[in-house]
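Peer 1: My request is simple: use the sequences and hints to build the entire structure.
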Amino acid sequence: MTVLEQILKASTNPQPIINEPLKYPFNLSAETIIPNLKPHSQDLLSPLQPLTGFEISQSDVQLIEITSKFFNTLKRKLKSPQSFSSSSFIKIFNSFLQEFGEKKFGALDGLVSKKGVDVNGEEYSCKLVEKLGSFIGRDVMGLVIQGCLVLGNWMILETLIVNKLVIDHGIRSDLLYNLVTKGRCDIVCLCLRNFTDFDSSDLGRVFKCLLSPSKEGCLNMVTVMNEWESEANAAIEKVEDKKLSGKKLGLAKEAALLLMIGYDQFSPMELCLHFLLSSSNVDEVVFSSALSKLNAEEMLSFVRYLGKWLNKYERFPQVGPCPKAATTLGLNLCQWVPKLEDVVKALGLVVDEHFSSLALHSEFHEVLKVVEGVVSSLVSEGRLCCSVANLIEILKPEGGGA
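Numbering (this note's numbering), first residue to last: 1 to 402.
Hints listed in this document are in silico derivations from the structure and should not be mistaken for laboratory results.
Here the structure is a predicted model, which means the values were calculated and not measured.
Keep in mind that a hint or two might mislead.
Unchecked claim - Using 20 Å as the maximum straight-line C-alpha spacing, the simulated DMTMM-like pairs for lysine to aspartate or glutamate come out as follows:
#, residue 1, residue 2
1, 131, 174
2, 242, 283
3, 215, 298
4, 182, 158
5, 339, 314
6, 253, 264
7, 345, 254
8, 345, 372
As the list claims (entries may be wrong) - Pairwise CB distance ranges (calculated):
#, residue 1, residue 2, range
9, 317, 197, 31 to 41 Å
10, 115, 377, 56 to 66 Å
11, 352, 109, 21 to 31 Å
12, 345, 81, 16 to 26 Å
13, 363, 316, 51 to 61 Å
14, 81, 292, 15 to 25 Å
15, 116, 281, 35 to 45 Å
Note that CB positions come from ideal geometry on N, CA and C, so glycine has one too.
Peer 2: Okay, here's the thing in structure tokens:
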């Protein structure tokens with residue numbers, strides 16, 4: 001069968017991979033396989049050259065058996081979630097990861113510390129995931145995430161997201177859909193911070209989740225607000241730290257001011273929107289398409305939010321990005337404060353793409369007038385700065401000659 005015939009067969013008879021027997025349920029190491037591959041023949045003119053020598057080591061065969069056993073057990077138990085508890089899931093998951101790690105590395109003593117944690121608890125699960133999660137294959141990962149969603153093991157799910165182990169786009173899309181449905185706005189924000197590819201339907205759901213949150217969503221947004229508040233307080237403590245001086249102290253002051261304008265007077269909903277607006281992983285086409293899925297009330301809320309940012313940058317024109325604060329001072333949220341460029345770009349997309357529908361709403365006219373005033377003020381300041389900059393450039397040669 002040719003490659004084309006195989007592709008056509010697969011496309012005409014699609015079957016969910018998760019229902020097929022798992023041949024390789026974990027991520028095999030290429031280092032032990034690729035060096036053994038050799039051409040089937042010495043015909044150098046053949047456009048397609050089959051390879052021979054594909055062989056899996058005995059240790060990997062044992063790992064496949066361990067993983068397949070866990071997959072089948074978890075799949076069977078998730079069919080009856082009423083009789084499957086969160087603690088049972090953790091126990092099975094921990095047992096699998098421990099057995100896998102011991103077979104892969106010989107022992108876990110130097111890899112994962114058991115000190116001060118319950119080996120049957122969720123905290124230990126997270127430690128195991130951090131060290132061994134990269135070996136979990138796509139189908140097993142999808143099933144583990146399903147278990148976390150069904151049974152409410154949010155700590156494990158957050159660990160998978162933060163360690164960038166949710167790689168498959170389909171699994172990511174399903175995860176976002178389920179998180180939005182369950183009102184887990186806090187974990188949705190975590191996805192915005194760690195996922196790299198969003199399509200318009202996913203981003204549209206996220207927009208609606210944040211702009212029209214459910215009761216559960218509002219409660220979970222408080223977690224995000226607390227994180228911003230804690231980071232802002234940490235920045236103030238850095239400024240007051242007597243041990244800091246010079247460039248580090250200057251950086252701490254910049255970060256404190258940036259986090260202050262990013263936190264003060266923003267609602268929990270708007271603090272969640274910061275992650276969406278400042279993300280570099282969303283292109284303009286996807287962003288614009290996602291905006292088109294909002295209703296008039298949601299769009300107005302978003303425009304008000306953008307207007308609030310413009311007011312902030314008008315009042316504090318000296319504030320700018322502070323990327324070094326994350327690596328130097330550990331103030332990670334500094335990189336998630338939207339830049340003026342982000343705000344203007346988003347407002348431009350709203351006006352360019354959706355002005356005709358918004359123009360029918362009188363409230364939008366009022367919001368736009370406020371925004372127009374702020375933009376005009378910023379433009380005037382920009383022109384003044386350009387004039388001063390030009391004057392300095394003119395005076396430089398004269399100063400040098402003197």
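Peer 1: Next, verify each hint and record whether it holds.
Peer 2: Now for the hints, and whether the structure bears them out:
1. With a C-alpha separation of about 25 Å, the suggested pairing of residue 131 with residue 174 is violated against the 20 Å cut-off.
2. Proximity of residue 242 to residue 283 is assessed by CA-CA distance (about 43 Å); at most 20 Å being required, the pair is judged violated.
3. At roughly 16 Å between alpha-carbon atoms, residue 215 and residue 298 fall within 20 Å of each other, so this suggested pair holds.
4. Distance hint between residue 182 and residue 158 is fulfilled; the C-alpha atoms sit about 15 Å from each other, no more than 20 Å.
5. Taking the CA atoms of residue 339 and residue 314, the gap is near 13 Å; set against the 20 Å cutoff, the hint holds.
6. Proposed proximity of residue 253 and residue 264 is supported: the alpha carbons are some 16 Å apart, at most 20 Å.
7. Restraint check for residue 345 and residue 254: not satisfied, since their Cα atoms lie roughly 24 Å apart, outside the 20 Å limit.
8. Simply put, residue 345 and residue 372 have alpha-carbon atoms about 15 Å apart, close enough for the 20 Å limit, and the pair holds.
9. Taking the beta carbon of each, residue 317 and residue 197 are about 35 Å apart, inside 31 to 41 Å as hinted.
10. As the Cβ distance of residue 115 to residue 377 is approximately 58 Å, the hint placing it in 56 to 66 Å holds.
11. For residue 352 and residue 109, the hinted distance range of 21 to 31 Å is not satisfied, since their beta carbons lie about 59 Å from each other.
12. For residue 345 and residue 81, the Cβ-Cβ distance of about 44 Å falls outside the hinted range of 16 to 26 Å, so the restraint is violated.
13. Distance hint for residue 363 and residue 316: a CB-CB separation of about 27 Å, inconsistent with the stated range 51 to 61 Å.
14. Here the CB-CB span from residue 81 to residue 292 is close to 36 Å, at odds with the stated 15 to 25 Å.
15. Checked against the hint of 35 to 45 Å, the C-beta distance between residue 116 and residue 281 comes to roughly 36 Å, which is consistent with it.
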